[in-house]
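Order-wise, the sequence lines are chains A and B. Numbering follows my numbering, in which position 1 of the first sequence is assigned residue number 1; successive positions increment by one, without gaps. Numbering follows my numbering, in which position 276 of the second sequence is assigned residue number 276; successive positions increment by one, without gaps.
Each hint should be verified, as a subset may be incorrect.
[What the hints assert, rightly or not] Straight-line C-alpha distance at most 16 Å; calculated EDC-like pairs for lysine to aspartate or glutamate:
hint, chain 1, residue 1, chain 2, residue 2
1, A, 155, B, 15
2, B, 280, B, 323
3, A, 138, B, 15
4, A, 48, A, 198
5, B, 103, B, 89
6, B, 330, B, 319
Rather than coming from a laboratory, the hints here were simulated on the basis of the structure.
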Amino acid sequence: MISAYWMPVYKYVRIRWGKPIDDAKDLTQGFFLEAMEKDFFRKFDPGKARFRTFLRTCLDGYISNEEKSASRLKRGGDVQFSSLDFGDAENGIGAAPETQARSTEEFFEQEWRRSVFNLSLDLFQSRLVEQGKQVHFKLFEVYVLDGLEDGRRVKYEDLAREFGLTAGTVTNYLAAARRDFRRAVFDKLRELTVTEDEFRREARALLGVDPE
Amino acid sequence: MRFLSDAAIERLVEEAESPDMSGTRYRIIQAIGEGGMGKVYLAVDTRLNRQVALKVLNLPFTDEHARRMATEAQVIARLEHPGIVPIHDFGKLEDGRVFFTMKFVDGRRLDQYARMETSLPALLRCFHKICETVSFAHSNGVIHRDLKPENIMVGAFGEVLVMDWGISKILAEGTGGFERREPADRARRNGVLSGDEQGEVSQPGPTEELVTGEGVALGTAFYMPPEQEQGRLDQQNRSSDVYALGAVMYFLLVGGPPERRPDTTLKWPSSDSSVSTRLKAICTMCLFLDQSSRYESAEEVGREILRYLDGEPVKAYKENLAERAGRWLKHNRVPVLLVLAYLLMRAIVFLFIRR
Numbered sequence: 001m002i003s004a005y006w007m008p009v010y011k012y013v014r015i016r017w018g019k020p021i022d023d024a025k026d027l028t029q030g031f032f033l034e035a036m037e038k039d040f041f042r043k044f045d046p047g048k049a050r051f052r053t054f055l056r057t058c059l060d061g062y063i064s065n066e067e068k069s070a071s072r073l074k075r076g077g078d079v080q081f082s083s084l085d086f087g088d089a090e091n092g093i094g095a096a097p098e099t100q101a102r103s104t105e106e107f108f109e110q111e112w113r114r115s116v117f118n119l120s121l122d123l124f125q126s127r128l129v130e131q132g133k134q135v136h137f138k139l140f141e142v143y144v145l146d147g148l149e150d151g152r153r154v155k156y157e158d159l160a161r162e163f164g165l166t167a168g169t170v171t172n173y174l175a176a177a178r179r180d181f182r183r184a185v186f187d188k189l190r191e192l193t194v195t196e197d198e199f200r201r202e203a204r205a206l207l208g209v210d211p212e
Numbered sequence: 001m002r003f004l005s006d007a008a009i010e011r012l013v014e015e016a017e018s019p020d021m022s023g024t025r026y027r028i029i030q031a032i033g034e035g036g037m038g039k040v041y042l043a044v045d046t047r048l049n050r051q052v053a054l055k056v057l058n059l060p061f062t063d064e065h066a067r068r069m070a071t072e073a074q075v076i077a078r079l080e081h082p083g084i085v086p087i088h089d090f091g092k093l094e095d096g097r098v099f100f101t102m103k104f105v106d107g108r109r110l111d112q113y114a115r116m117e118t119s120l121p122a123l124l125r126c127f128h129k130i131c132e133t134v135s136f137a138h139s140n141g142v143i144h145r146d147l148k149p150e151n152i153m154v155g156a157f158g159e160v161l162v163m164d165w166g167i168s169k170i171l172a173e174g175t176g177g178f179e180r181r182e183p184a185d186r187a188r189r190n191g192v193l194s195g196d197e198q199g200e201v202s203q204p205g206p207t208e209e210l211v212t213g214e215g216v217a218l219g220t221a222f223y224m225p226p227e228q229e230q231g232r233l234d235q236q237n238r239s240s241d242v243y244a245l246g247a248v249m250y251f252l253l254v255g256g257p258p259e260r261r262p263d264t265t266l267k268w269p270s271s272d273s274s275v276s277t278r279l280k281a282i283c284t285m286c287l288f289l290d291q292s293s294r295y296e297s298a299e300e301v302g303r304e305i306l307r308y309l310d311g312e313p314v315k316a317y318k319e320n321l322a323e324r325a326g327r328w329l330k331h332n333r334v335p336v337l338l339v340l341a342y343l344l345m346r347a348i349v350f351l352f353i354r355r
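One chain only, chain A, in its complex shape (with noise of 0.2 Å):
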């Protein structure tokens, strides 16, 4: 769950809040301390809201409380998630400058999308490696994330060429990197919803389909 969460948190900390780098990486820790330790995400309850405002309103409340006690360095500062890279995280802020037009709830919505893609490429990469299909993820990688900047697609027969391919070949491995792809999202959405319907909205939340 943290590793879903903790980026779109310390974005919403340093650009919601407008904390500096180091205040806004005790915070966030900090607050999945105190939520492991005072263990408040088991009182959720995916039949009143989504969990993404749930965590939204408690980092809310955390951070006020933080403020009032200016004591965020006895209940964060000195503690480390080793996993937590936020020197990945500050490049995203400075690249995405469209993100101080959204609303507070637009803007956790789409760092959290941002995030839990990650996470699913990160697992559909693992899997394809895992079954020796490299080749699958690298088709898939390149025709969905080269040529971002004017808007313009690979064309399958430029990929069938850069990767010594048929162009027929192309097609029937990015069918199935998809497939393979959606999948791995919802495998991640599942571990990260407690419900089916509440997994059943996310999966529509987040790519508008309806879960097979």
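Since the structure of chain A is already known, use the hints to place chain B on it.
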């Protein structure tokens, strides 16, 4: 961890929501367009090894959405005409989404074509073909209701195709048994009401009925007549398409859609004096807000265009004597010049003999 920009997220969503065609003979290549009800993809029919246009219903959907899209396929299948893209196949995916495939048209949208093709006669001939297609649909009891340059394709061989019949309506008379049902509540989206919120027609069947959208605007702003804009379904008929044809013609003449004004006056750009008065009159007659003042049919609009191209008088404009003479001279320029040359030569010969 990689940084995913917003554009990258959009692409990933697009890939993930791309329909799973594994149980079918089709393989998706890329998305090429989006209608109200579904997305259109360029796909390959692996059995016949040819490219097709594949339209798949959007998710999430209801049974009603699925039925409407099936109806769109039936409408297209029913309209066999060179100006309407033929449908190849219809089916259902494992997740319940319906899809159909059509001939893939390798061409340009009319708005793109109009920016390239500057010859007015060529554009008018193209427009005449559109009128013929719409007239054919009308004669089969179907009105399109979303005619606009973006829904018309000009193919590589000059063929003109009217696309996107997603919000078409079957008229009651002479329709071969299509039925109607009571109004349903619909929502407007992005200024353009989409097919998935409309669904006007249905083939008769034991449980099927026709859904209407009384009180709700269906179609695209700028190209929509008032009766459509105000959702007066009972008044939407062939003349509604005549209005849209006028708006398409206006686009071809001035490069943009007609401006919406609260009064009844159609505004022409003051800088554009190149459009002839007769063409303006034809266009204006299509775009009358009062339905009874418009041309009676798309066929009549097409005939007017032919009359204009042939240098004949058009019904929409009463010429004075000078205009009639000017048009006659312009149309008969070659024989008039030949006669004048002949007379001049005779005069020269006559003068030469007299001397």
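Comparing the hints with the structure gives:
For the hint pairing residue 155 of chain A with residue 15 of chain B, the CA-to-CA distance comes to about 15 Å; that is within 16 Å, so the pair holds. The suggested pairing of residue 280 of chain B with residue 323 of chain B holds, with an alpha-carbon distance near 15 Å, which does not exceed 16 Å. With a C-alpha separation of about 15 Å, the suggested pairing of residue 138 of chain A with residue 15 of chain B holds against the 16 Å cut-off. Our distance criterion of 16 Å between C-alpha atoms is met by residue 48 of chain A and residue 198 of chain A, whose separation comes to about 10 Å.
At roughly 10 Å between alpha-carbon atoms, residue 103 of chain B and residue 89 of chain B fall within 16 Å of each other, so this suggested pair holds. Straight-line distance between C-alpha atoms of residue 330 of chain B and residue 319 of chain B comes to about 14 Å, which keeps the hinted pair within the 16 Å bound.
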